[in-house]
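Number of protein chains: 2
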Amino acid sequence: MKIEEIKIEDLHPEEFIKQKVEEISSIVGTGLAVNALSGGVDSSAVTMLGHKALGNRLKTYFIENGLMREGEPQKIAALFEKLGVHIEIVDAKAQFFKALKGLTDPEEKREAITQTFYKDVFGKLVKERSAKYLLQGTNYTDVEETVAGIKRQHNILEQLGIDTQEEYGYKVIEPVIQLRKSGIRKVAETLKLPKGIYNRPPFPGPALAARVIGECTSERVETVRKATKIVEQELCNTGAFQYLAILHEDKVTGIREGKRDYGLQIEVRCWNSKDAITGSPTRLSYETLDKLAEGITTEVPGVVSVTYNVTKKPPSTIEAI
Amino acid sequence: MKIEEIKIEDLHPEEFIKQKVEEISSIVGTGLAVNALSGGVDSSAVTMLGHKALGNRLKTYFIENGLMREGEPQKIAALFEKLGVHIEIVDAKAQFFKALKGLTDPEEKREAITQTFYKDVFGKLVKERSAKYLLQGTNYTDVEETVAGIKRQHNILEQLGIDTQEEYGYKVIEPVIQLRKSGIRKVAETLKLPKGIYNRPPFPGPALAARVIGECTSERVETVRKATKIVEQELCNTGAFQYLAILHEDKVTGIREGKRDYGLQIEVRCWNSKDAITGSPTRLSYETLDKLAEGITTEVPGVVSVTYNVTKKPPSTIEAI
Chain A
0 MKIEEIKIED
10 LHPEEFIKQK
20 VEEISSIVGT
30 GLAVNALSGG
40 VDSSAVTMLG
50 HKALGNRLKT
60 YFIENGLMRE
70 GEPQKIAALF
80 EKLGVHIEIV
90 DAKAQFFKAL
100 KGLTDPEEKR
110 EAITQTFYKD
120 VFGKLVKERS
130 AKYLLQGTNY
140 TDVEETVAGI
150 KRQHNILEQL
160 GIDTQEEYGY
170 KVIEPVIQLR
180 KSGIRKVAET
190 LKLPKGIYNR
200 PPFPGPALAA
210 RVIGECTSER
220 VETVRKATKI
230 VEQELCNTGA
240 FQYLAILHED
250 KVTGIREGKR
260 DYGLQIEVRC
270 WNSKDAITGS
280 PTRLSYETLD
290 KLAEGITTEV
300 PGVVSVTYNV
310 TKKPPSTIEA
320 I
Chain B
0 MKIEEIKIED
10 LHPEEFIKQK
20 VEEISSIVGT
30 GLAVNALSGG
40 VDSSAVTMLG
50 HKALGNRLKT
60 YFIENGLMRE
70 GEPQKIAALF
80 EKLGVHIEIV
90 DAKAQFFKAL
100 KGLTDPEEKR
110 EAITQTFYKD
120 VFGKLVKERS
130 AKYLLQGTNY
140 TDVEETVAGI
150 KRQHNILEQL
160 GIDTQEEYGY
170 KVIEPVIQLR
180 KSGIRKVAET
190 LKLPKGIYNR
200 PPFPGPALAA
210 RVIGECTSER
220 VETVRKATKI
230 VEQELCNTGA
240 FQYLAILHED
250 KVTGIREGKR
260 DYGLQIEVRC
270 WNSKDAITGS
280 PTRLSYETLD
290 KLAEGITTEV
300 PGVVSVTYNV
310 TKKPPSTIEA
320 I
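Protein chains in written order, with numbering that gives the first Met the number 0: chain A, 0 to 320; chain B, 0 to 320.
Take these hints with a grain of salt, some might be off.
Claimed, not checked - Cut-off 20 Å, straight-line C-alpha distance, at most; resulting in silico cross-link-like pairs (PhoX-like, lysine-lysine): (1) A:K258 with B:K311; (2) B:K311 with A:K250; (3) A:K225 with A:K92; (4) A:K311 with B:K250; (5) A:K311 with B:K290; (6) B:K290 with B:K228; (7) B:K273 with B:K185; (8) B:K97 with B:K123; (9) A:K51 with A:K17; (10) A:K131 with A:K170; (11) B:K170 with B:K131; (12) A:K290 with B:K311; (13) B:K250 with A:K250; (14) B:K258 with A:K311.
Keep in mind that the hints were calculated from the coordinates and are not lab data.
Only a predicted model underlies this, so the values are computations on that prediction, with no experimental measurement involved.
Produce the entire structure from the sequences given, and follow the hints as far as they go.
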């Protein structure tokens with residue numbers, strides 16, 4: 000199936016929403032559907048579209064995979080409760096860390112997360128609910144990058160010829176697959192999601208696992224989680240497209256109280272971009288870079304070095320792995 | 000033996016030179032001495048002091064260890080010939096790469112270079128020459144950092160209780176050990192060395208091996224050598240204390256002509272510092288950072304990402320390993 004892009008200039012959000020709500024209703028019929036909400040703009044828009052179409056026949060889960068930002072599950076669940084949408088938090092941390100154990104190759108890590116998500120966690124939830132449909136926030140950039148072989152996105156299955164019905168027991172519906180991030184933001188705003196959601200910088204499908212080079216142990220994820228919190232606090236008012244902290248596997252020599260400290264390095268990236276296809280590093284002031292370096296080396300145990308990405312996309316990508 | 004620092008404000012270069020020339024003469028007597036010139040300010044100053052004291056009884060070698068900058072041995076030899084000092088280039092590349100094979104731990108790499116330098120290469124040269132003395136450019140910061148256990152400098156032996164007479168067959172003379180870099184620059188200038196030498200940014204003892212995280216193969220050293228050339232060309236007029244390129248072992252995802260390219264990362268560091276004890280990242284313009292990133296990702300095969308260090312020393316160190 001060839002996906003046709005709807006460009007931002009051709010998008011009429013009200014019409015788009017009406018059409019997608021009708022499509023979802025007609026596909027699901029009187030059946031049940033489930034979806035997973037991560038708190039990003041894509042899955043948030045899909046949650047609202049799904050609830051408009053199906054009401055209580057859509058059950059929305061927040062999968063706590065141990066790879067999310069600090070306090071994220073509770074924060075997002077509370078926000079949607081206010082909008083009248085109930086979210087169930089599913090604790091699957093142990094399953095994800097077990098699947099990630101010993102893996103260092105980025106594609107193997109992504110694959111482990113995909114398998115754990117779709118097969119172990121979602122497959123089970125769908126069966127419990129007797130749901131036949133899964134709603135998903137796949138977007139047009141995900142499709143492009145996966146088909147081009149740049150990254151295996153966690154939510155591309157049918158495009159790769161994987162029969163979800165046969166493999167996992169459900170069909171996937173992807174209402175925003177023709178849109179890029181900018182279009183989804185418009186739709187999310189029109190759906191009356193709060194600005195904190197529709198303007199939210201993108202966050203990768205594999206969450207903080209995409210920000211850890213090398214093995215994703217819970218300890219290493221905790222390190223990058225702490226760095227992420229500092230980066231997000233410091234950069235949330237820059238207007239940048241996306242900003243992130245990456246924990247490197249390489250260790251570098253540092254010095255603490257006059258003694259050698261062979262420690263960790265965090266790379267900070269902050270992007271100016273319209274659509275994630277191309278991007279350039281935000282020209283942060285050195286005062287801001289100083290604050291980031293000082294905050295991270297002071298508050299995140301084990302970190303002795305902070306770098307800032309200065310490469311454009313291409314040849315870099317937005318995320319490191 | 001406790002080394003007493005001579006602070007820059009207490010240094011009288013002419014007197015210092017006179018005193019050191021006398022000391023070297025009196026220690027070596029009518030014997031022979033050798034020294035190794037790397038082209039840095041420390042070994043260049045020592046070469047001139049030694050030749051003032053001993054004339055042709057000091058034999059100066061440039062050890063081509065395969066870890067130097069592009070064209071460095073020939074360039075430095077030609078420069079000293081002009082000053083009337085003959086330099087013999089010794090090709091020891093194969094010995095160094097053999098010693099470095101399979102090593103990834105920074106201290107093990109430094110140790111392998113030290114052993115190859117002092118035992119295999121220098122021990123042999125000293126015996127061939129029947130020299131009893133080795134002149135060396137150890138400085139006060141090297142002593143401090145080694146004693147503090149931050150880094151094992153390649154040229155600290157007696158301070159660590161190693162008897163070079165017994166272990167390698169020669170005694171080490173270290174004429175500039177009481178000075179920091181700024182003092183040595185003054186002495187080098189007074190010795191009439193060219194500005195390109197006395198103002199030269201520091202370069203680590205283990206040379207480019209200190210700029211390769213992970214194993215130092217000749218291929219990986221070639222990668223960092225190419226990046227170093229670009230960094231030095233771009234930053235030589237900044238007035239910075241030191242600037243360097245580091246090849247990481249971590250690989251990151253890049254994108255080339257629309258396809259995934261899992262490639263290499265180069266970290267650039269550029270330091271403002273007086274004495275290497277503390278330092279802060281030079282506030283390079285983003286135009287310069289852009290040029291560095293574009294130059295390195297275009298001209299150095301395999302590199303898809305360039306970062307810039309934004310951490311002060313401490314907790315960072317000047318070099319990464």
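Against the structure, the hints come out as follows:
This hinted pair checks out: A:K258 and B:K311 have alpha carbons roughly 15 Å apart, not beyond 20 Å. Under the criterion of a C-alpha separation no larger than 20 Å, the hint pairing B:K311 with A:K250 is consistent with the structure, at around 17 Å. The hinted pair formed by A:K225 and A:K92 meets the criterion: a straight-line CA distance of about 18 Å does not exceed 20 Å. Distance check on the hinted pair: A:K311 and B:K250 sit about 17 Å apart at the alpha-carbon level, within 20 Å; holds.
Between A:K311 and B:K290, the direct Cα distance comes to roughly 11 Å. Compliance with the 20 Å bound is thereby established for this hinted pair. Distance hint between B:K290 and B:K228 is fulfilled; the C-alpha atoms sit about 13 Å from each other, no more than 20 Å. Distance hint between B:K273 and B:K185 is fulfilled; the C-alpha atoms sit about 13 Å from each other, no more than 20 Å. Under the criterion of a C-alpha separation no larger than 20 Å, the hint pairing B:K97 with B:K123 is consistent with the structure, at around 17 Å.
For the hint linking A:K51 to A:K17, the alpha-carbon distance of about 9 Å falls within 20 Å, and the restraint holds. Annotation: proposed proximity of A:K131 to A:K170 holds, straight-line Cα distance about 6 Å (limit 20 Å). Proximity of B:K170 to B:K131 is assessed by CA-CA distance (about 6 Å); at most 20 Å being required, the pair is judged to hold. Only pairs whose Cα atoms come within 20 Å are accepted, and A:K290 paired with B:K311 is accepted, the gap being roughly 11 Å.
Between the alpha carbons of B:K250 and A:K250 the distance comes to roughly 13 Å, so the proposed pair stays at or under 20 Å and holds. The straight-line distance between the Cα atoms of B:K258 and A:K311 is roughly 15 Å, inside the 20 Å bound, and the hint therefore holds.
When held up to the earlier numbered hints, the structure conflicts with none and fits them all.
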